[in-house]
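Chemist: What follows is the residue order along each chain.
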Amino acid sequence: MGKMIILLVLGSYLIIGSIMRNNNNISNDSVQNVVDYYIKANAKHIASSGANLAVSNVFRNRFWRTGYNDINFSEGLIKVTLTDDAKLGVGGVRILSVGKYMGYQDSVIVDMNLSYYSKYLMFSNKIPGNGYYVTGDTMDGPFHTNDRLNISGKPVFKGRVTMGKGPMKLSSWYAPPAPEFWGGYEYGVDIPMQGNLNNLASAALVNGFKVNGKLWLTLNGNNTITFKTSATGKDSTIALNLLAPNGVIYATDDVRVKGKISGSLTIASKEKIWIDDDIGVVDDPRINPASKQMLGLCSEEEIMITDNSANNNNVEITAAMYTNSSLEAEHYSTRPAAGYLKLLGSLTQDTDGFTGAGVTKGGVKNGFNLNYKFDDRLFLSAPPSFPLTDRMQLLSWWE
Amino acid sequence: MGTNVVLDLLGSFIIGGMLLVNIISLQGNASSQSDLYSATRVTQKNLVTLVGILENDFRKLGYGVTDPTKSIVKADSNDIIFKADINRNGIIDTIRYYVGSTSELKETPNPNDKLLYRIENKETPQSSNLGLTRFLLKYYNQDMEPESNINAIKIVEITISVESPFPINGQYPNAFWKQTRITSRNLNR
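Taken in sequence, the protein lines are chains U and X. The numbers in the numbering used here rise by one with no breaks, and the one at position 16 of the first sequence is 16. The numbers in the numbering used here rise by one with no breaks, and the one at position 106 of the second sequence is 1106.
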C-alpha cells in the first residue's frame, strides 16, 4: 500500500509538473513575442538614429562622407555608409544606415542633394520692417526668408516656411495675428544668395549662347528663338538646340524677352531682364504635370515688367526667376491698373519689389495684383544651370 | 485478509481518491488557464503582426511624393488614404486603410471584432481577421495640435484594440491596445 501511495504522489507530481511547464511555455512565448517586437523596434530606432546623425553631418558639411563603422549606440551598433549618386541631382548622396541590436538588424536609406533656389515659391533675402503678410495673402508653395517674417491677420502659407531670423513679428495693425502654416515652419535657416551669376556666364560661353551687350529675345511658341543684339538690328531665328545646346543664354547687358519656348531654357543677364509680354513654356505643366519644359530668368539686377500695352491686362509668367535685386513693375505707381501678375513657378529676390500701388479692397489702383503659384516640378528639378544654394536638402527617407 | 488490511485498503482508496479529485480539479483549472494563456498569446501575436504591418506602411508615408504637403489624400478617424512609393520602384502608390463593420464578422462570437482593410492602388481590398475591435486615427500638426487640414498633418496617431474572436469562460478578456504616434520624415522635408 505504501508503494501505491508513493506511485500516486509521484504521478501527481508528474501531471502537475507537466501542466505547469506547459503554462510556463505559453507565458514565456508571450513575453518572447513582446521581446522580439522590442528588439526589432530598437534595431529600427538605432538605424534611424544613425541616419539622423549622418544627415546632420551632411547638413553641416556637404562633403562629409566618413560615415560610421559599427559604433556603439544604445547597446547596439550603427554602421553608416555614404555614396555619391549623380542620379539624385547635383551633390546627390545616398546614406545607408544599418542598426544592429541583439542579432537583429534594420536599415534606413536617405537621399539628399543640393537644393536649387527655385525650390521656393518665394525666397526673399530681406523683408522691409513695414512689409507685412496679411489676411488674404496665400503662399501656395515653400517660402523662405533670411529675414524676420512680419505677420498681421491670417495669411496662409501652404508650403514649408523657413526663416533666418526669429521669432516672427506679430502685429494687430491689420487684424489679430493668426497665421496658418500648413507645411510647418522653422527658424534659424540662413541661405545666402549668390553674389553673381558667373556660373551661368561660363555655361553660356562653353556650350550656350553668350552676348556681350544687350539682347532682344522672342520665344516663338515652338523650339525656335528669334533674337537681335541691337534695337535696330536684324532679327535672326534659330532652333534652341542649335543656338544654345545646353539651354543657357547670357547677356552682359539688359535682356528683353517675350513668348513661349518648347524646350528648357535659362535666360540670364548681368544687368536687367525686361518682360515685354507673357512668357513661359509651350507644354504647360498645369495641363501636363509631366512636362519637361522649363524656363528660367536670372539677373544680377532687377527683373522688370515692362510698362507697355501688351502688359496692361494681366501678365502670365511660367518660369523660375532669380534676381539679386527684385521683381518690379515699371512705373508701378503711375501705370494703369493692369490686372493680375500671374506667376506659375518660383521667385528668388534680394528684396521684395514694387509691382503695384494704391491698395484698396478692390485691388490696386496702379500696376498689378499678385497671384503666385508654385510649380511642383521645381521641388526636384530646375531650368538649365539654374543657381544652386550651398545647402543640402532631404529628398526622401526610407525605413 | 485481516481487518487491518481492509482498513489499509479503504484508507488508501480514500487518500488516493482525494488526490485524484484534486488532480482532476487542478487539471480543470490548469486547462482553463491554459486556454486563457493561449488566447492571450494568439491575440498578442495578432496585435504585433497588425502593428508591424501598419508601422511598415505609415513610416513610408509621403516617400517619393514631390510635394510632401500633398501626401495625405483623406484623413478620417477610421479611414486614411495616403501616397507613397511603397515598393520603392519609382511609382507613387495610393494606400488606403479602413475598417469594416462588425456585421461582416457574424461568424465569430465576438460582437465587436471587425476587419481592417488595406487597399494598394486599385487592387482588391485585403484583410484578415486578427480580432481588431478598435482602429482609431488622430492627426496632428508639427506643434502636436489636432489638425483637420490634410495638407498640414505631420503626425498620425494610431490606436488599436485587439480581442480574441472567441470567448474564454464567457468573456473576451484578452483585449490589447497599442497607441503610437508615427511621424514620417517624408512629411517634413
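Hints listed in this document are in silico derivations from the structure and should not be mistaken for laboratory results. Note that the structure is a prediction, hence the values are computed from the model and not measured. There may be inaccurate statements among the hints.
Which chain X residues face chain U? A few, computed with CB under 7 Å, are given here [what the hints assert, rightly or not]:
id, residue
1, S1032
2, S1034
3, L1036
4, Y1063
5, D1067
6, Q1142
7, P1146
8, S1148
9, N1151
Heads up, the beta-carbon is just placed ideally off N, CA and C, and yes, glycines get one too.
Chemist: Look at each hint and say if it fits the structure.
Modeler: Quick rundown of the hints versus the structure:
Residue-level restraint check for S1032/X is violated (minimum Cβ-Cβ distance to chain U is 11 Å; threshold 7 Å). Hint status for S1034/X: holds, given a least beta-carbon distance of 6 Å to chain U, under 7 Å. Here the hint on L1036/X is broken, as its CB sits about 9 Å from the closest CB of chain U, past 7 Å. Proximity of Y1063/X to chain U holds as hinted, the smallest CB-CB distance being about 6 Å (cut-off 7 Å).
For D1067/X, the shortest C-beta to C-beta distance to chain U is roughly 5 Å, which falls under 7 Å, so the interface hint holds. Contact between Q1142/X and chain U, as hinted, is supported at the beta carbon level, the nearest pair being about 4 Å apart and thus within 7 Å. Hint status for P1146/X: violated, given a least beta-carbon distance of 14 Å to chain U, over 7 Å. Taking 7 Å as the C-beta cut-off, the interface hint given for S1148/X is violated, the closest approach to chain U being about 11 Å.
Residue-level restraint check for N1151/X holds (minimum Cβ-Cβ distance to chain U is 4 Å; threshold 7 Å).
The structure shown violates the earlier hints numbered 1, 3, 7 and 8.
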